[in-house]
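**Q** Residues per chain, in single letters:
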Amino acid sequence: MKYLDEFSDPDLARRLLDQIHAVTTRPWAMMEVCGGQTHSIIRHGIDQLLPEGVEMIHGPGCPVCVTPLETIDRALAIARRPEVIFCSFGDMLRVPGSHDDLFTVKSEGGDVRVVYSPLDALQIARDNPDKQVVFFGIGFETTAPANAMTVHQARQQGIPNFSLLVSHVLVPPAIAAIMESPTCRVQAFLAAGHVCSVMGTSEYPPLAEKYAVPIVVTGFEPLDILEGIRRTLVQLEAGRHELENAYPRAVPAEGNPAAMAMLRDVFEVTDRTWRGIGMIPGSGWRLSDRYADYDAELRFEVTDIQTDESPLCRSGEVLQGLIKPHECPAFGKECTPRNPLGATMVSSEGACAAYYTYRRLDLVSAGSAS
Amino acid sequence: MSPDGGSNDLDFEGWTCPAPLRNTPTVVMGHGGGGAMSGELVESLFLPAYGGAARADLADAAVLPPVSGRLAFSTDSYVVKPMFFPGGSIGDLAVNGTVNDLAMVGAQPLYLSTAYILAEGTPMSDIGRVAMAVGKAAEQAGVQLVTGDTKVVDHGSGDGIYVNTAGVGVIPDGVEIGPERARPGDAVLVSGAIGVHGVAVMSCREGLEFTTPVESDSAPLHGLVADMLATGADVRVLRDPTRGGVSASLNEIARASGVGMDLVERDLPVPEEVRDACGLLGLDPLQVANEGKLVAIVPAADVDAVLEAMRAHRFGSGACRIGTVVEDHPRMVVARTGLGGTRVIDLPLGEQLPRIC
Amino acid sequence: MCLAVPGRVLEVFEESGTTMADVDFGGVRKKVCLAYLPETGVGEYVIVHVGFAIQRLDEESAKETLATFERLGILEEEFGDGFAAAAREKGVEL
Chain A
22 MKYLDEFSDP DLARRLLDQI HAVTTRPWAM MEVCGGQTHS IIRHGIDQLL
72 PEGVEMIHGP GCPVCVTPLE TIDRALAIAR RPEVIFCSFG DMLRVPGSHD
122 DLFTVKSEGG DVRVVYSPLD ALQIARDNPD KQVVFFGIGF ETTAPANAMT
172 VHQARQQGIP NFSLLVSHVL VPPAIAAIME SPTCRVQAFL AAGHVCSVMG
222 TSEYPPLAEK YAVPIVVTGF EPLDILEGIR RTLVQLEAGR HELENAYPRA
272 VPAEGNPAAM AMLRDVFEVT DRTWRGIGMI PGSGWRLSDR YADYDAELRF
322 EVTDIQTDES PLCRSGEVLQ GLIKPHECPA FGKECTPRNP LGATMVSSEG
372 ACAAYYTYRR LDLVSAGSAS
Chain B
549 MSPDGGSNDL DFEGWTCPAP LRNTPTVVMG HGGGGAMSGE LVESLFLPAY
599 GGAARADLAD AAVLPPVSGR LAFSTDSYVV KPMFFPGGSI GDLAVNGTVN
649 DLAMVGAQPL YLSTAYILAE GTPMSDIGRV AMAVGKAAEQ AGVQLVTGDT
699 KVVDHGSGDG IYVNTAGVGV IPDGVEIGPE RARPGDAVLV SGAIGVHGVA
749 VMSCREGLEF TTPVESDSAP LHGLVADMLA TGADVRVLRD PTRGGVSASL
799 NEIARASGVG MDLVERDLPV PEEVRDACGL LGLDPLQVAN EGKLVAIVPA
849 ADVDAVLEAM RAHRFGSGAC RIGTVVEDHP RMVVARTGLG GTRVIDLPLG
899 EQLPRIC
Chain C
184 MCLAVPGRVL EVFEESGTTM ADVDFGGVRK KVCLAYLPET GVGEYVIVHV
234 GFAIQRLDEE SAKETLATFE RLGILEEEFG DGFAAAAREK GVEL
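Protein chains in written order, with the working numbering: chain A, 22 to 391; chain B, 549 to 905; chain C, 184 to 277.
Excised from the complex, chain A in its bound form (with noise of 0.2 angstroms):
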């Protein structure tokens, strides 16, 4: 595929890597904040082939994994309902809630279907007049426009059996909520490249200012990554620490104001609890007053709902990078992606899943996995 295939060029990659070896001169322990970033590295091996010493930490940005879990619920109570069509992005549909999921909905008998985009959620809204349709609004800023514009569009023409359930959740306040952490070891940040195609790259200098850390606008393939990765370590070892966009052909820094211009009509800012992390202030969007005849929230009142986190699973420490996958007890044993315990493993982009398919030889081999 053009502008994919050449950012993955193996001779490019190993001059790449050869400039990362030459620049580093010590530690240094970085984060990645995208789970597509995270398993871009995990599966092409990219952290096996870094200095000595550099580490990748393993940020929050995998929005299945850090809905809240009373959204799940949320979800889930909604979508057993027989007058509902609940609609969802496939990475939704095993992410475990308290006590099931959305298969296990699925294969009770309520409607429940996986979309490529919330478009084929209204066209099915279109199709099923007498249904109620409620669209699984998850997603980073990078999926937020395609959902508002999906509202929007129920409203200009008129479709009144839709709904959307909202769990956005923001980039800029999780990089600030994870430098405030007293056990942070962040030294720097590379940012989520399609998330800054839509907002730009404006919210991040001050943010490397307050926390003085190099911040690296980054991309997903191979090629991208080791070269936000080199951009970040030639900061460091400089004792710089500012914006940088590595990912300027899909980044303008101005970033889609047609986009941005939708998402402040459509959404306004909330706070939001992330799931294993905690409460983060303004974290979060939510659907606008002007919107709420579409909030499924306020559509469907689903009281009494009890959250049950499994005891088990410390996806949230692996969310803040304190833990690697492979650390948690559960690893391998109680929580597998056919029996997992929280979002991170079931989550193509969680980095408990990532390392479940990519690293399980490795860590077999050092015994600490079966």
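Incorrect hints may appear among the rest.
Pairs of lysine-lysine, DSS-like flavour, derived with a Cα cap of 30 angstroms [claimed, not checked]:
1. C/K246 to A/K127
2. A/K127 to A/K152
3. A/K345 to A/K152
4. B/K699 to A/K23
5. B/K629 to C/K214
6. A/K23 to C/K214
7. A/K152 to B/K629
8. A/K127 to B/K699
9. A/K345 to A/K231
10. B/K699 to B/K629
11. A/K152 to C/K214
12. C/K214 to C/K246
13. A/K23 to C/K246
Hints were generated in silico from the structure; no laboratory data involved.
The structure presented is a predicted model; accordingly, all values stated were derived computationally and were not measured.
Since chain A is already given, all that's left is putting chains B and C on it; use the hints.
**A** Same frame as chain A, now just chains B and C:
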């Protein structure tokens, strides 16, 4: 009836059969009742659609001539949606799928039964198209359709054809193929491009179009297997990687044989369109279904001869080696990625679903 | 969060009052909502996420980035093959 079958509506007027089909555009409960309507369905729809591949005599059971050699027997049910997809239909899968299960133990397939469960309200034209596809696939595979059954069920949504086929074949003497026979040092071969069928079906569902359309690779492989065996090589294991893709097949073999496998990602024959579609939907080509491919485990010394034989066959032209059976990491399949990392190729968990992450 | 893929716009059209595009992803085509990049013309590249074009892909920038990576090779002579060294260190076969 059009000679190429599979894609034309039935022309009820042109039929010359003893009991003309009552003009019902959709199937109704009566067609499964065993009475006159059932008989009509068989006489006027199924038998003509099957053409030369079907036996004309209908008894409760097919009486078949004796065979010399071990019998192989297999059954499978087919529930694919959509029923018609680029390159084929549920009819093709129903025949080739069971033919291939027989072929994977080295059997020459001989006879097939076809049992249908039809949802009330299914258009007759759909049933006819599927039946014609079954007939044509059976003819291509050289198997006889000797017995069958039809039932009609209530169905809310009013459309659906489920098919079960059971097949019998005979295994030549001296052929010993089984999943437990893989040994360290053996080569892992695949007969051609992977991920094609799954992408063809999924492209229908997800509204993807292709510049070069991706069509299902559904095909009968017993001829290919016979050519492989004819080289005299010790073909140890054969598997057709249907649901769960190459990953499922190799994992099953690894477990049955208690061995590990090392694949080279660069060597996997994934067509560009499949790679792009999988990239778009967030799928792994190794976990996507194939309906006209096989994986084979053969001793390293036999690789060249077997590959040559495969490539000379119509359904093996893209055959290549993708890996090696090893002693390390028993029961695990591992692939070396482009940049030198390794990844464990896992058994897929369940359905392949489009992802956003 | 970020499975977004670059594709080339083949055709732009209106559907229910929204700008849509037929986008080619190297052999696979899909209908994509272009409402957030309405000025995009046929032949241009966009980044697509869940059926929406979220940003233009700047081809010049892409070429420049790749050229930068190519040029890094010149320094290899001075610093040696770090990649191979790293691989040896980790026992990874290349």
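**Q** Check whether the Cα positions of A/K23 and C/K246 lie no farther apart than 30 angstroms.
**A** This hinted pair holds, its Cα atoms lying about 12 angstroms apart.
**Q** Within a Cα-Cα threshold of 30 angstroms, do A/K345 and A/K152 meet the stated pairing?
**A** Violated: A/K345 and A/K152 sit about 44 angstroms apart, past 30 angstroms.
**Q** Quick one, are B/K699 and B/K629 close enough, alpha carbons at most 30 angstroms?
**A** 19 angstroms, holds
**Q** Is the hinted pair B/K699 and A/K23 satisfied, with a Cα-Cα distance of at most 30 angstroms?
**A** 51 angstroms, violated
**Q** Does C/K214 sit within 30 angstroms of A/K152, going by the straight-line distance between their CA atoms?
**A** 26 angstroms, holds
**Q** Sort out whether C/K214 lies within 30 angstroms of A/K23, counting only the CA atoms.
**A** At roughly 18 angstroms apart (the allowed maximum being 30 angstroms), C/K214 and A/K23 satisfy the hint.
**Q** Verify the proposed pairing of C/K246 with A/K127, using a straight-line Cα cut of 30 angstroms.
**A** The given pair, whose Cα atoms are some 47 angstroms apart, is violated under the 30 angstroms limit.
**Q** Run the distance test for A/K127 versus A/K152: straight-line Cα separation, threshold 30 angstroms.
**A** 16 angstroms, holds
**Q** Has the given pair, C/K214 with C/K246, been kept, meaning a C-alpha gap of at most 30 angstroms?
**A** 27 angstroms, holds
**Q** Is the hinted pair A/K152 and B/K629 satisfied, with a Cα-Cα distance of at most 30 angstroms?
**A** 23 angstroms, holds
**Q** Straight-line Cα separation of B/K629 and C/K214 no greater than 30 angstroms?
**A** 22 angstroms, holds
**Q** Within 30 angstroms, alpha carbon to alpha carbon, are A/K345 and A/K231?
**A** Distance of about 27 angstroms is within 30 angstroms: holds.
In this structure, the earlier hints numbered 1, 3, 4 are contradicted, and the remaining ones agree with it.
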